[in-house]
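Guided by the hints, dock chain B onto chain A, whose structure is given.
What follows is the residue order along each chain.
Number of protein chains: 2
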Amino acid sequence: MGNDNQIRIGVISCTNIVRKVSRAINLAPNATLAAIATTSSIEEAKSFATSNNFPPTAKIHSSIESLVEDPDVDAVYFPIPTSLHVEWAVRAAEKGKHILVDKPVALNVSEFDQIVSACELYCVQFMDGTQWLHNPRTDKIKAFISDPLSFGQIQTVHSCFTFAANENFLKNDIRVKPGLDGLGALGDAGWYTIQATLLANNFKLPKTVTALPGPVLNDAGIVLSCGALLNWEEGVTATIYCSFLANLTMEITAIGTKGTLRVHDFVIPFQETEASYTTSTRRCLSEHKVMTELPQESCMVIEFARLVGEIKNRGAKPDWFWLSISRKTQLLVDAVKESIDNNLKPVLLSDW
Amino acid sequence: MGNDNQIRIGVISCTNIVRKVSRAINLAPNATLAAIATTSSIEEAKSFATSNNFPPTAKIHSSIESLVEDPDVDAVYFPIPTSLHVEWAVRAAEKGKHILVDKPVALNVSEFDQIVSACELYCVQFMDGTQWLHNPRTDKIKAFISDPLSFGQIQTVHSCFTFAANENFLKNDIRVKPGLDGLGALGDAGWYTIQATLLANNFKLPKTVTALPGPVLNDAGIVLSCGALLNWEEGVTATIYCSFLANLTMEITAIGTKGTLRVHDFVIPFQETEASYTTSTRRCLSEHKVMTELPQESCMVIEFARLVGEIKNRGAKPDWFWLSISRKTQLLVDAVKESIDNNLKPVLLSDW
Numbered sequence: 001m002g003n004d005n006q007i008r009i010g011v012i013s014c015t016n017i018v019r020k021v022s023r024a025i026n027l028a029p030n031a032t033l034a035a036i037a038t039t040s041s042i043e044e045a046k047s048f049a050t051s052n053n054f055p056p057t058a059k060i061h062s063s064i065e066s067l068v069e070d071p072d073v074d075a076v077y078f079p080i081p082t083s084l085h086v087e088w089a090v091r092a093a094e095k096g097k098h099i100l101v102d103k104p105v106a107l108n109v110s111e112f113d114q115i116v117s118a119c120e121l122y123c124v125q126f127m128d129g130t131q132w133l134h135n136p137r138t139d140k141i142k143a144f145i146s147d148p149l150s151f152g153q154i155q156t157v158h159s160c161f162t163f164a165a166n167e168n169f170l171k172n173d174i175r176v177k178p179g180l181d182g183l184g185a186l187g188d189a190g191w192y193t194i195q196a197t198l199l200a201n202n203f204k205l206p207k208t209v210t211a212l213p214g215p216v217l218n219d220a221g222i223v224l225s226c227g228a229l230l231n232w233e234e235g236v237t238a239t240i241y242c243s244f245l246a247n248l249t250m251e252i253t254a255i256g257t258k259g260t261l262r263v264h265d266f267v268i269p270f271q272e273t274e275a276s277y278t279t280s281t282r283r284c285l286s287e288h289k290v291m292t293e294l295p296q297e298s299c300m301v302i303e304f305a306r307l308v309g310e311i312k313n314r315g316a317k318p319d320w321f322w323l324s325i326s327r328k329t330q331l332l333v334d335a336v337k338e339s340i341d342n343n344l345k346p347v348l349l350s351d352w
Numbered sequence: 001m002g003n004d005n006q007i008r009i010g011v012i013s014c015t016n017i018v019r020k021v022s023r024a025i026n027l028a029p030n031a032t033l034a035a036i037a038t039t040s041s042i043e044e045a046k047s048f049a050t051s052n053n054f055p056p057t058a059k060i061h062s063s064i065e066s067l068v069e070d071p072d073v074d075a076v077y078f079p080i081p082t083s084l085h086v087e088w089a090v091r092a093a094e095k096g097k098h099i100l101v102d103k104p105v106a107l108n109v110s111e112f113d114q115i116v117s118a119c120e121l122y123c124v125q126f127m128d129g130t131q132w133l134h135n136p137r138t139d140k141i142k143a144f145i146s147d148p149l150s151f152g153q154i155q156t157v158h159s160c161f162t163f164a165a166n167e168n169f170l171k172n173d174i175r176v177k178p179g180l181d182g183l184g185a186l187g188d189a190g191w192y193t194i195q196a197t198l199l200a201n202n203f204k205l206p207k208t209v210t211a212l213p214g215p216v217l218n219d220a221g222i223v224l225s226c227g228a229l230l231n232w233e234e235g236v237t238a239t240i241y242c243s244f245l246a247n248l249t250m251e252i253t254a255i256g257t258k259g260t261l262r263v264h265d266f267v268i269p270f271q272e273t274e275a276s277y278t279t280s281t282r283r284c285l286s287e288h289k290v291m292t293e294l295p296q297e298s299c300m301v302i303e304f305a306r307l308v309g310e311i312k313n314r315g316a317k318p319d320w321f322w323l324s325i326s327r328k329t330q331l332l333v334d335a336v337k338e339s340i341d342n343n344l345k346p347v348l349l350s351d352w
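Chains A and B are the protein sequences, given in the same order. For the first sequence, full-length UniProt numbering assigns the number 1 to the initial residue and increments by one for each residue that follows. For the second sequence, full-length UniProt numbering assigns the number 1 to the initial residue and increments by one for each residue that follows.
Chain A on its own, in the form it takes in the complex (with noise of 0.2 Å):
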């Protein structure tokens, strides 16, 4: 049951990443799953509240429009292909309903920037749904690349996230459609990654985005796997590679002057409890494991609900900081997928 300090949610169809975030939001003692539309029939939506352990109070509605409409709804997360983002970010913005968005946040920048201005416009809190940007691991590893005795200066970063799809995916899933998740795995797992890279070097933005040679697309022009790099000033650089062909994979490797860090589970930690990753210095290697209490995406429920939590009793403003680096994530993959569409080409992030 929720309380008044509880931030309402609604979530959007009866899919796998919705199980998964419901329970998140279940977890969360600020946010509370107020209402689900579906996408196909009520009764799935029926069943899948009961089986989810929605609140009895929870509303089961017909249409995202109907959604974004109820005013017992304070947030709207949206796990619905990348298409469909702007146009219904936008309306519930205009409701002023808070939104929890799925990555890709957009198919490009220029559709993205609509989101912000909607965002802006009705002072409502934007959050791209990266899950473990939230797990505390990810606290901890800023800290380490941020400090100047243990790490030095960042020289490079190589994060890499790829998962071996099945057959049917590889045909059927929303994320090699060119109408729905166009971006392929350079919006899906090579967000991650350039979020990595980001991360590695405290949010700014390279000068320079190339995509790598040897790209593999689908008969529609879908990118199945690419690698890509950037480069900041004086030498500084990234590799990113993604791909639905390999392996599961999720690296992070940043090597400072003086230390480097290793992360093999950055997207989704092997074990939901806890998360490890691995420092060293010289021929010195330290093991360190970050307990979780909450699973990542619960982290990300509380802080988005914090966040809305603060406009809504509290009369702040929005934070922007999530926004602001969602908004670099897509501009970088807006450039690799520019790079890719020209034969390679080095795309000037000044060019933006």
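A portion of the hints provided could be inaccurate.
[Claimed, not checked] Restraint-style ranges between C-beta atoms, simulated for each label pair:
no.: 1; chain 1: B; residue 1: P81; chain 2: A; residue 2: C284; range: 26 to 36 Å
no.: 2; chain 1: B; residue 1: D219; chain 2: A; residue 2: R282; range: 43 to 53 Å
no.: 3; chain 1: A; residue 1: T278; chain 2: B; residue 2: K204; range: 26 to 36 Å
no.: 4; chain 1: B; residue 1: K207; chain 2: A; residue 2: S62; range: 51 to 61 Å
no.: 5; chain 1: B; residue 1: G315; chain 2: A; residue 2: K345; range: 51 to 61 Å
no.: 6; chain 1: B; residue 1: S63; chain 2: A; residue 2: S286; range: 45 to 55 Å
[Claimed, not checked] Simulated pairs of lysine-lysine, DSS-like, Cα-Cα distance not exceeding 27 Å:
no.: 7; chain 1: B; residue 1: K345; chain 2: B; residue 2: K312
no.: 8; chain 1: B; residue 1: K258; chain 2: A; residue 2: K171
no.: 9; chain 1: B; residue 1: K140; chain 2: B; residue 2: K289
no.: 10; chain 1: A; residue 1: K95; chain 2: A; residue 2: K317
no.: 11; chain 1: A; residue 1: K258; chain 2: B; residue 2: K177
no.: 12; chain 1: A; residue 1: K289; chain 2: B; residue 2: K289
no.: 13; chain 1: B; residue 1: K345; chain 2: A; residue 2: K345
no.: 14; chain 1: A; residue 1: K207; chain 2: A; residue 2: K317
no.: 15; chain 1: A; residue 1: K20; chain 2: B; residue 2: K258
no.: 16; chain 1: A; residue 1: K95; chain 2: A; residue 2: K20
no.: 17; chain 1: B; residue 1: K258; chain 2: B; residue 2: K20
no.: 18; chain 1: B; residue 1: K46; chain 2: B; residue 2: K95
no.: 19; chain 1: A; residue 1: K289; chain 2: A; residue 2: K312
no.: 20; chain 1: A; residue 1: K20; chain 2: A; residue 2: K140
no.: 21; chain 1: A; residue 1: K207; chain 2: B; residue 2: K345
no.: 22; chain 1: A; residue 1: K317; chain 2: A; residue 2: K142
no.: 23; chain 1: B; residue 1: K258; chain 2: A; residue 2: K177
no.: 24; chain 1: B; residue 1: K345; chain 2: B; residue 2: K140
no.: 25; chain 1: B; residue 1: K312; chain 2: B; residue 2: K177
no.: 26; chain 1: B; residue 1: K20; chain 2: B; residue 2: K207
no.: 27; chain 1: A; residue 1: K142; chain 2: A; residue 2: K20
no.: 28; chain 1: A; residue 1: K207; chain 2: A; residue 2: K258
no.: 29; chain 1: B; residue 1: K289; chain 2: B; residue 2: K142
no.: 30; chain 1: B; residue 1: K20; chain 2: A; residue 2: K258
no.: 31; chain 1: A; residue 1: K328; chain 2: A; residue 2: K177
no.: 32; chain 1: B; residue 1: K171; chain 2: A; residue 2: K258
no.: 33; chain 1: A; residue 1: K140; chain 2: A; residue 2: K345
no.: 34; chain 1: B; residue 1: K20; chain 2: B; residue 2: K46
no.: 35; chain 1: B; residue 1: K59; chain 2: B; residue 2: K345
no.: 36; chain 1: B; residue 1: K140; chain 2: A; residue 2: K345
Rather than coming from a laboratory, the hints here were simulated on the basis of the structure. For glycine and all other residues, C-beta sits at the position ideal for the given N, C-alpha and C.
Coordinates of chain B only, in the frame set by chain A:
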């Protein structure tokens, strides 16, 4: 003391690497330290021989020339600057000496091929001094990567070798001097990373090599840090990164369709007596430890002496496997250098 079955190896100079390799020769049951050639004073060489447990029979030569003419020497280890390799390797081969040559073997592949010709003409065994290839762990890694059931088909491999050189190194080491080891970090650290990507691809040469934007050169134009992309058919890629400017890091991450391999200390294992690596399939990670009774540099000497023994005692032909992968590595080092020199233009390997 040597015996008839031991291959008599001569070494040159009194540097740290010679100290290490001399110990390795002492530990190898099929090799003996037969001689040392000084590049400075006889006294220093005598003292070096004593403190490094050379047998009392070991000869002290006042020049490399005298060493390569010594009839009681079967093979010579060359830890001299790269710019001197061709001349001395060829002169040693002419005298029928088998040669163990430190990496990078030559300043370019046409120099390398003078060594190849001499080895073929005089029927002498060649090996480059890359020690990690002889660590028992490397065979285990190869077996995992070659296993279609657990690893599948290679999709991508990332390898980096970096260390933070001090000010003195960056000013005075032969590896930053155009006249001596003009290939800089690429010929030194990069050599290892390129061999790692070749190993992951069963020593098949890539189709193209492209240097990545952002190489760092010193005032004399020597590479201090750089990266490159290697492309095989069907979207198989590798990225390498080598640097004298970043914390010690020695990674291989190889991702196949079914499995992933991770090695964190591939060049010089953190421990001399055991070496570890990690394999994973989906979310199931396994740590493996390989015991190494002898240090990897001894394994190298044992293999080299075994091959020399086959020729010396059984009339066998030289084994060209090590020469072949060494030459491929030189080809790829050259290609990265050419790409850096040509504004990062891709280099087609079929051009060679």
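Right, here's what the structure says about each hint:
no., hint, verdict
1, P81/B / C284/A: 26 to 36 Å, "holds, 31 Å"
2, D219/B / R282/A: 43 to 53 Å, "violated, 27 Å"
3, T278/A / K204/B: 26 to 36 Å, "holds, 31 Å"
4, K207/B / S62/A: 51 to 61 Å, "holds, 55 Å"
5, G315/B / K345/A: 51 to 61 Å, "holds, 58 Å"
6, S63/B / S286/A: 45 to 55 Å, "holds, 49 Å"
7, K345/B / K312/B, "violated, 46 Å"
8, K258/B / K171/A, "holds, 19 Å"
9, K140/B / K289/B, "holds, 10 Å"
10, K95/A / K317/A, "holds, 17 Å"
11, K258/A / K177/B, "holds, 24 Å"
12, K289/A / K289/B, "holds, 21 Å"
13, K345/B / K345/A, "holds, 11 Å"
14, K207/A / K317/A, "violated, 31 Å"
15, K20/A / K258/B, "holds, 26 Å"
16, K95/A / K20/A, "holds, 26 Å"
17, K258/B / K20/B, "violated, 39 Å"
18, K46/B / K95/B, "holds, 25 Å"
19, K289/A / K312/A, "violated, 36 Å"
20, K20/A / K140/A, "holds, 25 Å"
21, K207/A / K345/B, "holds, 20 Å"
22, K317/A / K142/A, "holds, 26 Å"
23, K258/B / K177/A, "holds, 24 Å"
24, K345/B / K140/B, "violated, 36 Å"
25, K312/B / K177/B, "violated, 38 Å"
26, K20/B / K207/B, "violated, 37 Å"
27, K142/A / K20/A, "holds, 26 Å"
28, K207/A / K258/A, "holds, 24 Å"
29, K289/B / K142/B, "holds, 15 Å"
30, K20/B / K258/A, "holds, 26 Å"
31, K328/A / K177/A, "holds, 24 Å"
32, K171/B / K258/A, "holds, 19 Å"
33, K140/A / K345/A, "violated, 36 Å"
34, K20/B / K46/B, "holds, 17 Å"
35, K59/B / K345/B, "violated, 50 Å"
36, K140/B / K345/A, "violated, 40 Å"
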